[in-house]
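Chains as they are written, first to last, in my numbering: chain C, 150 to 472; chain G, 23 to 613.
Because the hints were derived from the structure by calculation, they are not lab data. Incorrect hints may have been included.
As the list claims (entries may be wrong) - Only some residues are given here: those of chain G computed to face chain C with a beta carbon under 10 Å:
(1) V100
(2) R236
(3) M447
Glycine is no exception: its CB is placed at the ideal position from the N, C-alpha and C atoms.
Single-letter residue listing:
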Amino acid sequence: MSADLTPRTIPTWRVVLQVIGYRPWLYASKAVVEVLTFSVAPWLSGLVLKAYFDRLSGQASAGLNAWTLAALFVGIALGQAVTSLGDIVMSTTLGRTMQALLGRNMLEGVLEKPGARALPESTGEALSRFRDDTAEVGNFAYMLLAVPASLVFLPVALATMLRISVLVTLVSVVPLFAIFGVARLASRRIGGYREATRVAESRAQGFVGEVFGTAQAIKVAGAEDRVIGHLDELYERWRAVRQREALFEHVLEAMSFNLGSFATGVTVLVAASAIRSGSFTVGDLALFTTYLGSIAGFVTIVEQVVASYRQAEVSVERMRHLM
Amino acid sequence: MEASRPFGAGATGLFRYRHLLWRYARPVRWRAALMVALVLVGLGLQLASPQVLRYFIDVARGQAPGNLLALAALFFAVAALEQVSAVASGYATRGAVVRATNRMRSDLARHCLGLDMGFHDSHTPGEMIQRLDGDVGALASFLMQLVIVVGANGLLLLGIIALLFGVHWLVGTSLALFVFLSLLLLLRLRFIAVPHWVVSEQAEAELYGYLEERLAGTRDIRALGAVPYVVRRFHVFLGNAYRKALRASVMSGITYNAATLLFAVGTAVGLFAGAWLYHQREITLGTAFMVFYYATMLAGPIQMITIHAEHLQNATASIVRIRQLAETRSRVPEGPGLELAPGPLSVELDHVTFGYDPEHPVLRDVSLGLEPGRTLGLLGRTGHGKTTIARLEMRLYDPQEGAVRLGGRDLRQSREGDLARHVGMVTQNVQLFRASVRDNLTFFDPSVPDEKILGVLEDLGLGRWYRSLPSGLDTALSSGGGGLSAGEAQLLAFARVFLRDPGLVILDEPTSRVDPATEGLIERAVERLLEGRTAIVIAHRLATVARVDEIAIVEGGRVVERGEREALARDPASRFHRLLRVGGDLDEVMA
Ligand SMILES: Nc1ncnc2c1ncn2[C@@H]1O[C@H](COP(=O)(O)OP(=O)(O)OP(=O)(O)O)[C@@H](O)[C@H]1O
Ligand SMILES: [Mg+2]
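Could you build the full structure based on these sequences and the hints that come with them?
Here you go:
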């Protein structure tokens, strides 16, 4: 079997599917390993923590004792480390296989081109097709795996939380996603801030270049201090826009990555009376704390997959052009 | 003056690292204090929230008195404030560091600008950008890391450990040990993958090297029927690259997973200790939860420290380069100061020998005098030292032997800026900034009134040009004077000199041709420039030479002919006479 790039009508995703289909079992086992590493392990850790605290508090009298549970916590992490290493082996193997497959097809295509035509682009560019563009397609194939791997965690974790308390789950998760959504929307504005910083930076840098390119004229005019004064103004303008950008970034960061403790705060607030009545245990609190921390990180993945597909499309187009 | 120039003479030898930090921290000390305060508040909040959680749980379970809802609200408030303080301290830190950095950039730029032209000849503008922006930037991020790593994260770790000791010595000791060992291990593991990646990159280079050669000769391969062979070899190289990459990735994976595993172990240590003490009835359930919470909090700072430890090393190379620059001394040292009377000045080169490289003199034993108010035309073939003479009169360099005098005073006595007041120079190539017309003419001196500038422009015949500017004097010129004709740029250089009205002017005429209309303007400008001043004109046109009183011809770094213009013109044996006879362009005649 070979990944046929030549017919221009075949869409990029079909090419990716062909590449995946070349080693279907490897790809499938990588999917399993990813789900184990990124979904099952964090889910189990949460359950173990819950069991541990429920056991300590006497809210669960049956089952494993606290010592065993603490050991189990390490055991899960150990298992996670093993599957993660396995994942790395599979990723490399899979990625290289895809690169080899695409590379061989391209090489044959190039060498057996009818009419002994020369390469349509420079050797350096052609080389980049073999090295970078094949990697992009492989990269997208991985990214595709990250979706099920992390998206398995989301429903499973939510289901576990909902079974404990519908109210607490909704009240803690909904604002989490809302804030996250706002942060994502706001992050589009960062482009403008970045651009302003870049302009101010290149103005200041450019002026440094001019100053040292015209040192003689400046000395002749005795204008050293005044020129540096102007440079200071440019630096100050640069600092102002850069700090504004940094503020924006810090706010976004607080709204996305560091939301875990905030979400725990919400949980505690909502669950206060339930904890007193015993219907929401300390173990449940531990479980919510861990899950809420993890959920925040998963939403970005979808965006990354989309970006990676765009990149793969460009790469496939370039590889076709070479052949 | 001295205070604003920390890299100047006073700083010699004192330029040490601590000194550096202090020098630049002081002006921003209030901001720095605010930054430290905010970082500490953030730490306090981070450390406090698990304590609140402990009370909350104990109250909820009836093991302690207190208002449950108030505690929950307090916890929520602390968690929310934590976010706010993270933003505030990040903002304040950046503000203080960037201000200090820019100040350092500016001081360093000022120091370098004050160095002799020899320094500027050997350092490209690109290199200076790299030093000022790249190296100082690296130093800044180093300071930033220092605050974050040693300051915030180190303190957070210490705070957590201290609070855990407060719970029970057993918890404190076991987790302190954990922190110590994991830092040790992780800092060590960081490098194990590096050599494997080097090997992997080598294999990669072999693979693509092979491919590159084949791609360069596709036609031959086909003709020889070698396609299957090439594809087979390609596979062999691919296989080798794969095995090397696999090993390197696994090594990296070990580092990464060791960290994850370690943090799980840390949490488990907290869980074990908590369970043990709880069963001993030493602690409440709330405290056990707090211990767990603190144990999970250890991962963040440990990770930050291991990641940023790298940056801490990277800055040393930059610091060394910055210091080298800062410790460079000018080869045109500051004198005691030179006071000159306003008005025309006498000029004298007294047995001057000079070479940009002392081994290869460009000027040899040159003596040349000019009375106040007289004008001298300097002629000579290209590369024979005319511009060099002009530069010495401006003290852009000091001669190796002999002396250059102005108004009878040795230029070595002058300080920076002394000469600029009395000597004006129009250089062969006009250098313009990407800045407004006004700033280009006044060199960023806002005290020069607009009327004065406009007057000078009108006098030079640039009135029409000025009126065509879209925003008048505020119109931005592009770097290098793009959009200006060579003649206009030349006239702007004249305007710079007229604005300062010096007693001596040096005019290095451009060799490039300008259009006839501008040529007329330039001629009139030269005429006005020479009026009532001592002037040295490095002439490339006969028309210019016709205006001067005296002539000197330079050849091979010596003055080979010297005299009154009219006398030389009359003397058939003189070189000048020969030049005039042949006529035309002086440069072509002499070449
Ligand atoms: N900044 C410098 N560093 C090193 N050598 C230089 C420098 N400037 C000039 N030179 C050398 O010194 C010699 C004299 O140069 P100078 O510029 O004085 O000649 P010039 O008479 O002005 O020539 P032109 O008529 O072309 O302007 C030349 O050999 C030149 O290569
Ligand atoms: Mg010259």
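Evaluation of the provided hints:
Below 10 Å, beta-carbon pairs count as interface contacts, and V100 of chain G has one with chain C at about 8 Å; its hint therefore holds. At a threshold of 10 Å, the smallest CB-CB gap from R236 of chain G to chain C is about 8 Å, leaving the interface hint in force. Here the hint on M447 of chain G is kept, as its CB sits about 5 Å from the closest CB of chain C, short of 10 Å.
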